[in-house]
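Protein chains: 2
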Amino acid sequence: MNTFIPVILSGGAGTRLWPLSRQSHPKPFLTLPDGENLLQKSLRRAAAIPDVQEILTVTNRDYYFQTRDAYDAVDSREGHRQLRYLLEPTGRNTAPAIAAAAWELQESFGPDTILLVLPADQLVQDLPAFLAAVEKARELAQAGYLVTFGITPGWPETGYGYIEAGEVLMAEGSVLGHRVRRFVEKPDLARAQSFLDAGGYSWNSGMFCLRAGIFLEELANHQPALSRALGQVLSHGRRQDDYLELPQSFAQLPDISVDYAVMEPTQRAAVVAGDFGWSDIGSWSAFGGLLEADAQGNQVVGEVVLEDAQGCIVHSSERLAALLGVEDLVIIDTPDALLVARKDRDQEVKKIVAELKRRGHESHALHRTVHRPWGTYTVLEEGPRFKIKRILVKPGAALSLQMHHHRSEHWIVVSGTAKIVNGDEERLIRTNESTYIPAGTPHRLINPGVIDLVMIEVQSGEYLGEDDIVRFEDRYGRTPA
Amino acid sequence: MNTFIPVILSGGAGTRLWPLSRQSHPKPFLTLPDGENLLQKSLRRAAAIPDVQEILTVTNRDYYFQTRDAYDAVDSREGHRQLRYLLEPTGRNTAPAIAAAAWELQESFGPDTILLVLPADQLVQDLPAFLAAVEKARELAQAGYLVTFGITPGWPETGYGYIEAGEVLMAEGSVLGHRVRRFVEKPDLARAQSFLDAGGYSWNSGMFCLRAGIFLEELANHQPALSRALGQVLSHGRRQDDYLELPQSFAQLPDISVDYAVMEPTQRAAVVAGDFGWSDIGSWSAFGGLLEADAQGNQVVGEVVLEDAQGCIVHSSERLAALLGVEDLVIIDTPDALLVARKDRDQEVKKIVAELKRRGHESHALHRTVHRPWGTYTVLEEGPRFKIKRILVKPGAALSLQMHHHRSEHWIVVSGTAKIVNGDEERLIRTNESTYIPAGTPHRLINPGVIDLVMIEVQSGEYLGEDDIVRFEDRYGRTPA
Numbered sequence: 001m002n003t004f005i006p007v008i009l010s011g012g013a014g015t016r017l018w019p020l021s022r023q024s025h026p027k028p029f030l031t032l033p034d035g036e037n038l039l040q041k042s043l044r045r046a047a048a049i050p051d052v053q054e055i056l057t058v059t060n061r062d063y064y065f066q067t068r069d070a071y072d073a074v075d076s077r078e079g080h081r082q083l084r085y086l087l088e089p090t091g092r093n094t095a096p097a098i099a100a101a102a103w104e105l106q107e108s109f110g111p112d113t114i115l116l117v118l119p120a121d122q123l124v125q126d127l128p129a130f131l132a133a134v135e136k137a138r139e140l141a142q143a144g145y146l147v148t149f150g151i152t153p154g155w156p157e158t159g160y161g162y163i164e165a166g167e168v169l170m171a172e173g174s175v176l177g178h179r180v181r182r183f184v185e186k187p188d189l190a191r192a193q194s195f196l197d198a199g200g201y202s203w204n205s206g207m208f209c210l211r212a213g214i215f216l217e218e219l220a221n222h223q224p225a226l227s228r229a230l231g232q233v234l235s236h237g238r239r240q241d242d243y244l245e246l247p248q249s250f251a252q253l254p255d256i257s258v259d260y261a262v263m264e265p266t267q268r269a270a271v272v273a274g275d276f277g278w279s280d281i282g283s284w285s286a287f288g289g290l291l292e293a294d295a296q297g298n299q300v301v302g303e304v305v306l307e308d309a310q311g312c313i314v315h316s317s318e319r320l321a322a323l324l325g326v327e328d329l330v331i332i333d334t335p336d337a338l339l340v341a342r343k344d345r346d347q348e349v350k351k352i353v354a355e356l357k358r359r360g361h362e363s364h365a366l367h368r369t370v371h372r373p374w375g376t377y378t379v380l381e382e383g384p385r386f387k388i389k390r391i392l393v394k395p396g397a398a399l400s401l402q403m404h405h406h407r408s409e410h411w412i413v414v415s416g417t418a419k420i421v422n423g424d425e426e427r428l429i430r431t432n433e434s435t436y437i438p439a440g441t442p443h444r445l446i447n448p449g450v451i452d453l454v455m456i457e458v459q460s461g462e463y464l465g466e467d468d469i470v471r472f473e474d475r476y477g478r479t480p481a
Numbered sequence: 001m002n003t004f005i006p007v008i009l010s011g012g013a014g015t016r017l018w019p020l021s022r023q024s025h026p027k028p029f030l031t032l033p034d035g036e037n038l039l040q041k042s043l044r045r046a047a048a049i050p051d052v053q054e055i056l057t058v059t060n061r062d063y064y065f066q067t068r069d070a071y072d073a074v075d076s077r078e079g080h081r082q083l084r085y086l087l088e089p090t091g092r093n094t095a096p097a098i099a100a101a102a103w104e105l106q107e108s109f110g111p112d113t114i115l116l117v118l119p120a121d122q123l124v125q126d127l128p129a130f131l132a133a134v135e136k137a138r139e140l141a142q143a144g145y146l147v148t149f150g151i152t153p154g155w156p157e158t159g160y161g162y163i164e165a166g167e168v169l170m171a172e173g174s175v176l177g178h179r180v181r182r183f184v185e186k187p188d189l190a191r192a193q194s195f196l197d198a199g200g201y202s203w204n205s206g207m208f209c210l211r212a213g214i215f216l217e218e219l220a221n222h223q224p225a226l227s228r229a230l231g232q233v234l235s236h237g238r239r240q241d242d243y244l245e246l247p248q249s250f251a252q253l254p255d256i257s258v259d260y261a262v263m264e265p266t267q268r269a270a271v272v273a274g275d276f277g278w279s280d281i282g283s284w285s286a287f288g289g290l291l292e293a294d295a296q297g298n299q300v301v302g303e304v305v306l307e308d309a310q311g312c313i314v315h316s317s318e319r320l321a322a323l324l325g326v327e328d329l330v331i332i333d334t335p336d337a338l339l340v341a342r343k344d345r346d347q348e349v350k351k352i353v354a355e356l357k358r359r360g361h362e363s364h365a366l367h368r369t370v371h372r373p374w375g376t377y378t379v380l381e382e383g384p385r386f387k388i389k390r391i392l393v394k395p396g397a398a399l400s401l402q403m404h405h406h407r408s409e410h411w412i413v414v415s416g417t418a419k420i421v422n423g424d425e426e427r428l429i430r431t432n433e434s435t436y437i438p439a440g441t442p443h444r445l446i447n448p449g450v451i452d453l454v455m456i457e458v459q460s461g462e463y464l465g466e467d468d469i470v471r472f473e474d475r476y477g478r479t480p481a
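Residue numbers (UniProt numbering), protein chains in the order written: chain A, 1 to 481; chain B, 1 to 481.
Treat the hints as calculated values from the structure; they're not laboratory data. A portion of the hints provided could be inaccurate.
In silico lysine-lysine, BS3-like type, Cα no more than 27 angstroms apart, as pairs [unchecked claim]: (1) B:Lys387 to A:Lys419; (2) B:Lys394 to A:Lys387; (3) A:Lys387 to B:Lys389; (4) A:Lys343 to A:Lys357; (5) B:Lys357 to A:Lys389; (6) A:Lys389 to B:Lys394.
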């Protein structure tokens, strides 16, 4: 059998799930009520397919460490598979991403390699049905089809594209799928309803199964310019450890979808029915659907007091929320931003994000907790001439050897052990011990232990911006060339 | 002219203004949109009356320091008047409070002293009209009447008691007020409407003007038991500095209102019209009324994004709030609790507070920032075995000399200068310096400077409760006897 490689496409800001999903922490990283995020669920889904030895993830290079951290938590449960990454300098829609994946895997395993493309911001709730559908798609891909997965519409959704099925495709007396008659872009409500009434239409899920060589051939036929440019770009990638970092020129490739670039023009498109409890969690209502409702239809995460509230979705993990006499609201509370929206308008949350962007408010992009290769930091408080952070360093991780011109730092270890380089001195600081780093002193923070190191940092100085940092040495490649 | 003393009655939890108003920080301390709180406004109102040399405040002893701090900010603008306090061990309704004030002022200035009783949780927007009404009330009190202030009803409110006016009281050809025909307890809507239709009814504001001796006489006539018990209780008060602290036995006095105890049975009741822009800020709607509305009728404090929102009241001073497609909501955000309520149900906020009390949730009573005689502390973060506080010490103030059995403390000064006693050592710590207090070491923190001292305290230990404190010496009388 041909080599079979799941390709997880991870990206997209998910602005409709603000304020939990933000540019620095997009939808694939959104923790679901069961404690796992969509990216981890995608990995587990991919790993559950038989004969999968390796999984490729295409993501932005800014999310590389955060993605590895997320996978690490899953891998320990699911057994190790080879993980490989394609890192984009900037998101470039699905055609360049899938083409790059096909090119990379053709290089490694030959043109007959079959790719299963899985967007990381989707949820599949019926795993056996998913595996059965993948099996059918695999057979069709083997036979040379470019296979999409079509979701049987539950309602006349206007937020998805539709696929009209054509001639049935069988093998050994059983239906595998259908040829695609045509793709339809997001319809209006009347048209969507007519598709439901007519039958034979399904939602375009964005999942694909295809042979690398055939996909690249079709790309060359229908998008010759993109195809040629891609070869150029990929030959300049920087290969290191488990990833191929695509060069800055990747950002010049056309920003087009795989549907538009290949699936619509090709004669080889097929569709397999994907009735496996699919959802793209495209709104807070969809998120609420993952939560059990109480007798009044309220779906709640966190400590909430409900006084005559009905049909509300509440996510408030760090603060008490009290509702009185309200109905059909979405209330999402985060440490630095609160959303209160009418439930049936939740598709418009992106308008809020656009307005925040216009105002230059950092909550459109950043969370108060910021992920770094070595762990996280959370700003607890800022004031004139001081800033307080909680810093978490993963076991074995280290911050860069660095220096600040304008601020000094007090460090107090509240959990774990820190190895500190402070000027010429190097020493261990244990729980409940502290040290002081004067401005202008090169210093480094390392967690030499096997449990998380948690530290409180109190910064003091006339300028406390994150850009007052001189990095001398960094194991995550963040020193200037 | 008789001595004239404004008496500010400060107390009451103001549960309808949760989560901003709480037991530890009740309605009189609520900061209004103009930056001043109701208590400060009450003081300024009292101080604006001609010939006022002294002002008495009756409050709970827990609010003594917080009250003085609030007044200090006003005094600097308004010129100094003698301030005196009656401190209750527990709130006991208006009859015991006003009786205690009358008794105390009769002791000091004789029975002819005129008291002007002002509840501290009310707002008066037309000061000249207020002063004119007080002048009339003063004349009537002088003549022996127990005078109430009646507010001309703007609508058939069911939340207030009503006063029916009787025979007109004149002096030198002009109307001073009326005798009171009767007091009516909170009516239902139909009855309230009938009062409006009939005319001659006003809202009972809870403000009074009366002569100490006459009030105490009437109290003895109509509440002989309370009158006798009061004398007993007051003789055991502890007089110190500028206050008389009432003994614990005060809590055994009957919990009755002055209306019920004296005003209703007496033949000396009079009412003066109080058309001076009175409000008791009894709900979030009333609070919203103090804010300018935008074109969509939204009344907002803080950084708020409004996307098609109408008629909402939003108070979010520390976090961004985004509203989408909602109308007529009250949204009040605080560091540890959020309220989202339908505006026309805002009288029911007290139900939320009752539920929190039932659950034992501390947000019904405490704010994250806690007031102490020496300043404030704010818990920034709590975790296993650590707690981080921001501590603000007022100029010249000092914490008690204390010791903890189970926790050590790191102190970092971020603003101002600290004088620190740490075991046998005493030294100054300046901005950006730190010190360490091991568990079991007696220590003390003093602000010797003239600006606020702001410190970050990182506590570490196996038990971090506020009750792990041994006080050796305290200038605020908090050491065990």
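Hints the structure fails to honour: 5
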